[in-house]
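Peer 1: The listed protein sequences correspond, in order, to chains U and H.
Last residue of the first sequence: 252 in numbering that gives the first Met the number 0, with the numbers rising by one and none dropped.
Last residue of the second sequence: 322 in numbering that gives the first Met the number 0, with the numbers rising by one and none dropped.
Mixed in with the good hints there might be a few duds.
Footprint (simulated), chain H over chain U, 3 or more residues, beta carbon under 8 Å [said to hold, decoys possible]: (1) 0-8; (2) 13-23; (3) 80-93.
Subject to a maximum C-alpha distance of 25 Å in a straight line, what follows is the list of computed BS3-like cross-link-like pairs (lysine-lysine) [to be verified]: (4) U:K76 <-> H:K2; (5) H:K109 <-> U:K1; (6) H:K134 <-> U:K1; (7) H:K73 <-> U:K1.
Listed next, with one range per pair, are the computed distances between beta-carbon atoms [as the list claims (entries may be wrong)]: (8) H:T81 <-> U:L8: 24 to 34 Å; (9) H:N63 <-> U:G167: 53 to 63 Å; (10) U:L111 <-> H:G61: 45 to 55 Å; (11) U:V163 <-> H:E110: 39 to 49 Å; (12) H:D87 <-> U:L111: 20 to 30 Å; (13) H:I165 <-> U:F114: 53 to 63 Å; (14) H:E110 <-> U:G123: 55 to 65 Å; (15) H:S254 <-> U:S155: 53 to 63 Å; (16) U:T226 <-> H:E110: 47 to 57 Å; (17) U:L8 <-> H:L86: 16 to 26 Å; (18) U:I237 <-> H:D87: 24 to 34 Å; (19) U:V240 <-> H:Q179: 31 to 41 Å.
Don't read these hints as lab results, they were simulated from the structure.
In this text, all values refer to a predicted model and were calculated from it rather than measured experimentally.
Just so you know, even glycine gets a beta-carbon here, dropped at the ideal spot from N, CA and C.
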Amino acid sequence: MKFISIIALKEIRTYFASPMAYVVAAAFLAITGFFFVASVSDAFAEASIRGYLAGAVFFMIFMSPAITMRLIAEEQKLGTLELLLTSPLREFEVIIGKFIAAFFMIFIMILLSFFFILILFVYGDPDVGPILSGLLGLLLYASATLAVGLFSSALSSNQIVGLVVGSGILTALTIIDFISDRITGTAAKVLDSFQLGASFSVFDLDSLGVAEGGHFADFARGIISMTDIIYYISVTAIFLVLTTLVLESRRWR
Amino acid sequence: MIKIEHMSKNYGPYPAVIDISFEVLKGEIIGFLGPNGAGKTTTMRVVTGFTPPSDGDVTVGGYNVVSHSLEVRKHIGYLPETVPLYLDMTVTDYLRYMGEIRGMSSKWVKERLPKIIEMVRLGDYRNTLVGRLSKGYRQRTGIAQAILHDPEVLIMDEPTIGIDPIQVVETRELISDLGQEHTMLLSSHILPEVSAICKRVLVINDGRIVADDKPESLSDKLQTFERIELSITNDDNNNFISKMRNIPIVIDARSDQRASKIQRSQRENSVPYIVDAKPNSKASEIISKTIIENSWGLTNLTPLPMTLEEIFLELTTEEELGD
Chain U
0 MKFISIIALK
10 EIRTYFASPM
20 AYVVAAAFLA
30 ITGFFFVASV
40 SDAFAEASIR
50 GYLAGAVFFM
60 IFMSPAITMR
70 LIAEEQKLGT
80 LELLLTSPLR
90 EFEVIIGKFI
100 AAFFMIFIMI
110 LLSFFFILIL
120 FVYGDPDVGP
130 ILSGLLGLLL
140 YASATLAVGL
150 FSSALSSNQI
160 VGLVVGSGIL
170 TALTIIDFIS
180 DRITGTAAKV
190 LDSFQLGASF
200 SVFDLDSLGV
210 AEGGHFADFA
220 RGIISMTDII
230 YYISVTAIFL
240 VLTTLVLESR
250 RWR
Chain H
0 MIKIEHMSKN
10 YGPYPAVIDI
20 SFEVLKGEII
30 GFLGPNGAGK
40 TTTMRVVTGF
50 TPPSDGDVTV
60 GGYNVVSHSL
70 EVRKHIGYLP
80 ETVPLYLDMT
90 VTDYLRYMGE
100 IRGMSSKWVK
110 ERLPKIIEMV
120 RLGDYRNTLV
130 GRLSKGYRQR
140 TGIAQAILHD
150 PEVLIMDEPT
160 IGIDPIQVVE
170 TRELISDLGQ
180 EHTMLLSSHI
190 LPEVSAICKR
200 VLVINDGRIV
210 ADDKPESLSD
220 KLQTFERIEL
230 SITNDDNNNF
240 ISKMRNIPIV
250 IDARSDQRAS
260 KIQRSQRENS
270 VPYIVDAKPN
280 SKASEIISKT
290 IIENSWGLTN
300 LTPLPMTLEE
310 IFLELTTEEE
320 LGD
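With the hints as extra help, turn the sequences into a complete structure.
Peer 2: If you want it as structure tokens, here you go:
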């Protein structure tokens, strides 16, 4: 536990010392802000954060791997990984520490976007339930995307490779319904159950909400279902384990 | 302290190290010598627990590097070939972090850190970003990181590679000082470095250990000829070289181009030569006798021990011919 917090604190300090975190946070606020404004600016528009959530779910496909791409790739490039792994700490402690740091960054960004919710309460009468469940869902979704990003970062010493692979995996998990819509039966159901977030129908400018498919939809509607929670926690766990395996794999080579 | 028994390491189908065995006793400084790609770094990575061996047993302080990796890591300070540094941290922050991930208490770090920084003479740069340091100072930061937790065993992979000559001298001094308190395994492909610092030399080539001895006795064993540097005067007919070649024990005689440039200005008439003779043949005596017989003047006669550089070349080329 001690080592995990040492690693996490170091990574958080590094984030704040580099311009990267501020640029990403600004982009996150700009994109989610755009979606939020578009969703509430019509007459008789619904006072909800569904537009914000759609924007966040969409943008995290790129943002999460961007946040994590440095974490392991850079250690490989600088050679410091050799030092970390010859210090008396275990692979998983390194991974968990870095994951916590990345999650903390995304948590801060979500906190920063609280003024959207504040605006809703000032100018409207929003339903608190879906807001809370939506934010819970967003944190779970974020942790899954960060785990995928961390895994991609471990694959090579090139940060850009980490970013592209991470976004690729997340995009694939997001557009599963493109395939499952075109087939029927059990296969379609199985595929559907892997759907990570909302589909890209966030681009449907009329609804500008969160699509029906995917494990995120219920959170956006105010429903907290165990299946969805377990799904996100599993994805997070699986990819963190995979990341550990990638680092340990040098023992088999 | 370090015990390697029949260790092999393959990267896929390529063998990097083949069945090597050696032991490093407590307090010993061992130079690990070999050309690039000989298997030095691989061996060091196995000893530090970074990669496991494909075959054989490696123990550090009695702990197996595979089954008790964490114990081994506590006893080892490691400086990899590319000095592992976080460029966006200050020297102090970096070293503090390195201490923390080795499980040192913050009190211990606080007490030990200033001493270490003074020891590697980084005092003026303690608050400088590592990325702004010159190569030599980065190397010192790397060394500081390796000795921070006062490990019993120090492993240094090419500690003086790529730094300027003055800093090389300083770094070597630092390493020599460290060698008084630590067991040390130091790799290099620069030979004078190893003979200056180490009491024992392991020569490795193509993944095999080809020699294991003191630097001095290594040169005794391998001396296939004795080299003598000499300068003579009054050789009016310029027949020194041919006369020398007529002596049975002399293998070769030639004028010393390099020395002649320096010497000419000092002693006008003195001409420097290099004579290679068979080993243990009392060459100096026989040669000086010949010089007197020819009534030349002898201004200098120095038998030269073979440098490690030549031994190294000898060992590794022989190995290649053997294949």
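Peer 1: Each hint should be assessed against the structure and marked as holding or not.
Peer 2: Outcome of the hint check:
Closer than 8 Å: that is the beta-carbon criterion, and the region 0-8 of chain U has 4 residues meeting it against chain H, so the requirement of 3 holds. Coverage of the region 13-23 of chain U by chain H holds. Counting CB-CB distances below 8 Å, 3 residues qualify, and the rule asks for three or more. By the rule of at least three residues with a Cβ nearer than 8 Å to a Cβ of chain H, the coverage given for the region 80-93 of chain U holds, with 10 such residues. For the given pair, U:K76 sits about 31 Å from H:K2 by alpha-carbon distance, which is inconsistent with the 25 Å threshold.
For the given pair, H:K109 sits about 18 Å from U:K1 by alpha-carbon distance, which is consistent with the 25 Å threshold. The hinted pair formed by H:K134 and U:K1 fails the criterion: a straight-line CA distance of about 33 Å is larger than 25 Å. For the suggested pair H:K73 and U:K1, the alpha carbons sit about 16 Å apart, so the restraint of at most 25 Å is met. Judged by the Cβ atoms, the range 24 to 34 Å given for H:T81 and U:L8 holds: they are separated by roughly 25 Å.
In this structure the supplied range 53 to 63 Å is violated for H:N63 paired with U:G167, their Cβ-Cβ distance being about 41 Å. Under the hint 45 to 55 Å, the C-beta atoms of U:L111 and H:G61, about 54 Å apart, fit the expected range. Between U:V163 and H:E110 the beta carbons are some 46 Å apart, a value that agrees with the proposed interval 39 to 49 Å. Take H:D87 and U:L111: their Cβ atoms lie about 24 Å apart, and the range 20 to 30 Å holds.
Between H:I165 and U:F114 the beta carbons are some 58 Å apart, a value that agrees with the proposed interval 53 to 63 Å. For the pair H:E110 and U:G123, the beta carbons lie near 59 Å from each other, so the given range of 55 to 65 Å is met. Remark: the range hint 53 to 63 Å for H:S254 to U:S155 is upheld by a beta-carbon distance near 57 Å. U:T226 and H:E110 have their C-beta atoms about 54 Å apart, which keeps the hinted 47 to 57 Å range intact.
Checked against the hint of 16 to 26 Å, the pair U:L8 and H:L86 passes, with Cβ atoms roughly 19 Å apart. Separation of U:I237 from H:D87 is about 32 Å and conforms to the stated range, judged on CB atoms against 24 to 34 Å. Take U:V240 and H:Q179: their Cβ atoms lie about 46 Å apart, and the range 31 to 41 Å is violated.
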